[in-house]
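Going down the list, the sequences are from chains A and B.
Counting along the first sequence from 1, when you hit position 73 you're at 73 in my numbering, and nothing is skipped either side.
Counting along the second sequence from 1, when you hit position 66 you're at 66 in my numbering, and nothing is skipped either side.
In short, the hints are calculated from the structure, not lab data.
Given the structure is predicted, the values throughout are model-derived calculations rather than measurements.
Don't take each hint at face value.
Listed next, with one range per pair, are the computed distances between beta-carbon atoms [claimed, not checked]:
(1) His71/A x Ala24/B: 21 to 31 Å
(2) Gly131/B x Ala106/A: 58 to 68 Å
(3) Gly79/B x His71/A: 41 to 51 Å
(4) Ala194/B x Ala138/A: 43 to 53 Å
(5) Ala194/B x Met68/A: 49 to 59 Å
Here are some chain A residues pointing at chain B (derived, C-beta under 10 Å) [stated by the list, open to error]:
(6) Ile12
(7) Gly16
(8) Leu41
(9) Met68
(10) Asp69
(11) His71
(12) Ala75
(13) Ala109
(14) Gln110
Every residue gets a Cβ at the ideal spot worked out from N, C-alpha and C, and that includes glycine.
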Amino acid sequence: MTAAKLPFEVLISRHGASVLRVARALVGVQDADDVWQETFLAALRAYPRTDVKNVQAWLITITRNKAMDHHRRIATLPVPVGGVADLLPNHTASGTDAVIGAVESAEMAQAVWAALALLPNKRRHAVAYHHLAGLPYADVAELLGGTEAAARRAGADGMKSLRTLLAPWKGFDDDDKS
Amino acid sequence: MMTRAERSMHALQPLNAGLEAVAADEAATLVRLSGVLRGAAQAHGLVDVAYRSIDSPVGPLLLVATEVGLVRVAFSVEGHDTVLAELAESISPRILHAPARLDAAAREFEEYFAHTRHTFDLPLDFRLASGFRYEVLTHLHEIEYGSTASYSAVAALTSSPRAVRAVGTACARNPLPVVVPCHRVIRSDGSQGAYLGGPEAKALLLSLEAV
């Protein structure tokens, strides 16, 4: 069976998470929900597409386009108000280890999204497509418009910048496995 | 060696060290988002095929509907994912889990299994059965709740009264079991014969109707 003819519900369960991560990286957690909805609604409208070989890359491309539409509408990037200072861990939570763990991981997630917003465009996109959504660099290059080597470099540089920004977080490993 | 598509799927989990935290609330968010999406897709008329599953005494049943009506009922032995993949090919891949659209059908199944309903009163879409198979199915409601008929008796009702074997095939490939009561068709020697939901399911349905 061709991938282009899978039940659409399968696309949502297989690729919903990667679309969400890319949307969050490109427009911020707040507005990502709208971009996610617009992406899957547009995909469903166009479905099935017999010319699409790689469904995930197709969905991420739509996500990128919907994110760009979104930026055109609001004309700003979701930069945290306090800048990098806002990214510092805030361990004043009390409670059980599990509760502290959950709070810390939510804070960490917030910090990652905020740090991503501070990256230069190309690096942010490369990290979103490759490290968050899991697209191979060949597909990332098509989305960025450039060579695979340039995409790989943008991804590695992006991860390096993230490591610097997130250095206060002990959980952030500096081993880049890409 | 993995294909590129497989590699990209596997790359989702685990995330790069340090990035795992972003996945913390993903599952809950995705449940919420897909709920909203299904509603919007319905409102825009983009759902060609809607489905849900229900629990029943004969195991989980998959209920599938088009705009026309109920188009497929599947037992779990058929593999619900397999059935949906087939429907993506034969009807349309715009298939979404849309429980609300099958509320009425689910209620009638519940009533049937609770002995309070003897006939189903639902719009049906027979597009998966054509020709003689369709003709056979249209006669099955003539076998009343709680009774049975032989394959040859059913053949006698059709335009080809000697096509006993073809009646067997039509029953075996009934896309709407339970609703279109092929379980009431048995062998002329009185034994129950085969059933697409398995012989146990057929026996259970017949004993349920005998009460």
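Each hint tested on the structure:
Evaluation of the 21 to 31 Å hint for His71/A and Ala24/B yields a pass: the beta carbon distance comes to about 26 Å. About 60 Å separates the C-beta atoms of Gly131/B and Ala106/A, a value consistent with the hinted range of 58 to 68 Å. At about 44 Å, the beta-carbon gap between Gly79/B and His71/A stays in the expected band of 41 to 51 Å. For Ala194/B and Ala138/A, the Cβ-Cβ distance of about 51 Å falls inside the hinted range of 43 to 53 Å, so the restraint holds.
Hint check: Ala194/B to Met68/A, Cβ distance near 57 Å, so the stated range 49 to 59 Å holds. Interface hint status for Ile12/A: upheld, as the beta-carbon distance to the closest one in chain B is roughly 5 Å, under 10 Å. Hint status for Gly16/A relative to chain B: holds, with the closest Cβ pair at about 5 Å, below 10 Å. For Leu41/A, the suggested interface contact is upheld, since its CB lies about 6 Å from the closest CB of chain B, less than 10 Å.
A least Cβ separation of about 20 Å between Met68/A and chain B goes past the 10 Å threshold, and the interface hint is therefore violated. Taken as an interface hint, Asp69/A does not check out: its beta carbon lies about 17 Å from the nearest beta carbon of chain B, beyond 10 Å. Because the smallest distance between the Cβ of His71/A and any Cβ of chain B comes to about 20 Å, over 10 Å, the interface hint for this residue is violated. Residue-level restraint check for Ala75/A is violated (minimum Cβ-Cβ distance to chain B is 25 Å; threshold 10 Å).
For Ala109/A, the interface hint holds, since its Cβ comes within 10 Å of a Cβ in chain B; the closest pair sits about 4 Å apart. The criterion of a C-beta within 10 Å of any C-beta in chain B is met by Gln110/A, whose closest approach is roughly 9 Å, and the hint holds.
In this structure, the hints that do not hold are numbers 9, 10, 11, 12, in rising order.
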